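My request is simple: use the sequences and hints to build the entire structure.
Number of protein chains: 2
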Amino acid sequence: MITGMKNIKTRVLSSETPNHVGEEIMLQGFIHSRRDHGKLIFIDLRDRTGITQIIFNPQASESAHKTASDIRPEYVVSIKGLVKNRPEKLVNEKIASGTVEIEAKEVEILSKAESLPFDMGGEELNLELPTLLDHRSLTLRHEKVKKIFEIQAALIEEFRNASKELDCIEVVVPTIAAGATEGGAEVFSIDYFGHNAFLTQSPQLYKQIMVSVFERVFLIAKAYRAEPSVTTRHLTESTQLDVEIAFIKGFDELLDALEFVGTQMIKNVSEKYPEVLKEFGVDKPLIPIKIPRLTLREAQEIISKRTNRDLSKEMDLNPEDEREISEWAKIEHKSDFITITHFPTKKRAFYTMPDPENPEYSLSYDLLFKGLEMMSGAQRINNYEDLELAMKRKDVNPDNFGLYMQAFKYGMPPEGGFSFGLERLTMKLLELANVREASLFPRDMERIDERFSKTEEKTIQEK
Amino acid sequence: MITGMKNIKTRVLSSETPNHVGEEIMLQGFIHSRRDHGKLIFIDLRDRTGITQIIFNPQASESAHKTASDIRPEYVVSIKGLVKNRPEKLVNEKIASGTVEIEAKEVEILSKAESLPFDMGGEELNLELPTLLDHRSLTLRHEKVKKIFEIQAALIEEFRNASKELDCIEVVVPTIAAGATEGGAEVFSIDYFGHNAFLTQSPQLYKQIMVSVFERVFLIAKAYRAEPSVTTRHLTESTQLDVEIAFIKGFDELLDALEFVGTQMIKNVSEKYPEVLKEFGVDKPLIPIKIPRLTLREAQEIISKRTNRDLSKEMDLNPEDEREISEWAKIEHKSDFITITHFPTKKRAFYTMPDPENPEYSLSYDLLFKGLEMMSGAQRINNYEDLELAMKRKDVNPDNFGLYMQAFKYGMPPEGGFSFGLERLTMKLLELANVREASLFPRDMERIDERFSKTEEKTIQEK
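Chains A and B are the protein sequences, given in the same order.
All the letters of the first sequence, read from the start, carry residue numbers 23 to 485 under the numbering used here.
All the letters of the second sequence, read from the start, carry residue numbers 23 to 485 under the numbering used here.
By construction, these hints were calculated from the structure, which means they are not laboratory data.
Fair warning: this is a prediction, and the values are worked out from it, not measured in the lab.
Errors might be hidden in some of the hints.
Identical copies carry no separate label here, and so any pair may be met within one copy or between two of them.
The calculated lysine-lysine pairs, modelled on DSS-like cross-linking and capped at a C-alpha distance of 25 Å, are [claimed, not checked]:
no., residue 1, residue 2
1, K271, K31
2, K166, K431
3, K168, K244
4, K289, K186
The following block contains the structure:
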């Protein structure tokens, strides 16, 4: 029966094993867990399609059994063996290969692993955030952690699909800029062949230029913020999903577009991965046909009534306010989304269009999802002179934005757009506690992969 | 007949006009060109779907005719008018709206434009590269320039499709790193809250980590190279299309995969946009069923025979060699592609797997397309100790690559991958003379949007 095993060269994936009952096959993957029952050794082998149970019985193969007694979690192995149906009462319905088990005949170690610093075999990883991130290359392998990034990939995909439905074309814009993009947040500066340069705080100015070319664009871009603050919602390097559309009929078309893209992403991903949402203990998102829309002032009045706090002098919603108004939307409109419009002009970036009916407020908006702002945007000023004036009011020098101003100099249609924060969106959809959990390799003040304190300790030791 | 025109609020796109003959519609777009025939004024209006001819006849509307006599190219306008069939001999088959023309009744200027610095109306723009880039926000609007980036968007799309066919999942990796990615090229350094950081030269190390999580990944990422050289093929900020796959059967599986992705992109885009290739004077790419594969040494022997040059001491192909061997592939194999393998181990990055049969050469490859390297990659070292040794040989300190080494410490399957340069690919597919033409906003030693010399003049003038 063993004759010819060496010649099996095609890997069978875990999920395919039930189609090979009675056959000898080769499986490859990581040791997920090992249970030593004296004579019998059971191994859960993990590949990209799931887990397969392998039985090492010395009567089937003494050498394989011997190797199996030495291997540990995360070893990478190639296993040849016989696919057998499990007895009915041992069928595991939770996994795709749950009707079968493999009787191992040969095992080859492809890569060894050190002893794990913590147990990776449980359904939950239960680590403190610094430990989770200090061991990121390991913890990302945990099934539940992995699922966060399967959801993230799906969100990107649905973002692209929704943008294409809006007739947008994808563009690639730069991250190195000569002028700082907007006011407000601090920027990271680069030494660029002896010249000053910056990492863009957003792809904003470039996507605006691009609507004068393609009318409707989308892009996936990095945004860099050097704000020296540590919160559960901020990363220094984050990913933006951006849309910009021109020849808009008016402000309402922008609101329709942003709500379309926002809800399509959440709706489609939730429907495609109900089991992941369930695993994260998340209810199906509430998405009514019409997302509630309030101006900032209307939202503040509602919050004031609910909390007896006076917000009449506040220029923005703070995180507590965002949670409060989202709670209202959930109760009153059965919606996990709410759109807030008309933020004060002076609190928004220079390119934001003031409301012609009341220029103190702007044609701007935030989309809140489950209590958190996960999208922001506005109609833009598209007249050259108005833009120049708005820049000067904010102490921004138009001379530092040559190509941007050029686009307006040669005619710019009425336009606007919006930008989703990918990591925030992932965080809120799965109700994670910290945005760092929604970034493969999160960057913040204290860490680039490794904590700086740790790196510095190392340097000191070297000296 | 004019009654009710004000109430038309829905924009009709240029390509849809033939469906509205006899109706009054609203069109919006940019003035592409204007021809003043005394009494009649003809305007070509441009929107994202194409060009529409508008006729301004004072007998149809005196006020519209008056406005039309003032408007210039790149003005943004909203025009209401009657759709009429053109006389048969005036039908323009080159454009989607070529069977109709619009008799203007009303025109509203949405945004004005300065006089253009050069003619934008011709089929070719015919500008020197510096002029093309100094006016980038304007020149990108030229129909032929625009098409470069329609092709680029299509290449990205086909890259994603091909990667998904390989069962890869999309990942988002960082661009700010604490250690420089590889040896060789210079890096841009960032002040990161007082710590040293760099812009990644490639997403390489992170995509390798990610195959220990997902087995097969793809990504679209920025790559930064601070090489102080100005060539027609290099940008300081470029876009990479990357694939990395684990549990490979061997080197050949990698070659199959890279040739699959490379040819799928070029083939599908060429078949979807034959008219664009024609406009750029490009023949349909030659893609045989089997892409020719040569080792570097084999390629050098062929080149030596063809040119009588001695290459036996050369460690790589220079641009002239690349053109020569591509010429050979075209003649001998009717192929615009050729895969070159087995570059010297010491010329490749530390993570490259040496060929076990002759460790002086490595399991590496370049894919050439029409005489230019547009993809590079290799099988990787996946054993921790071997990797550590390889790093030390190249004077790379493993301590600076904490999370990367961690992935290998906990078991790494046999794996490899490859990376396409998006701008180079776009350049070669359309046979552009310079890679800068294939980047919306190219960055190089001399320019971030505006030329530094220009910026500095400005600063001096300000003083």
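Hint check:
| no. | hint | verdict |
| --- | --- | --- |
| 1 | K271 x K31 | between (61 Å within a copy, 8 Å between copies) |
| 2 | K166 x K431 | between (52 Å within a copy, 21 Å between copies) |
| 3 | K168 x K244 | both (22 Å within a copy, 24 Å between copies) |
| 4 | K289 x K186 | both (17 Å within a copy, 22 Å between copies) |
Comparing the model with each numbered hint stated earlier shows that all of them hold.
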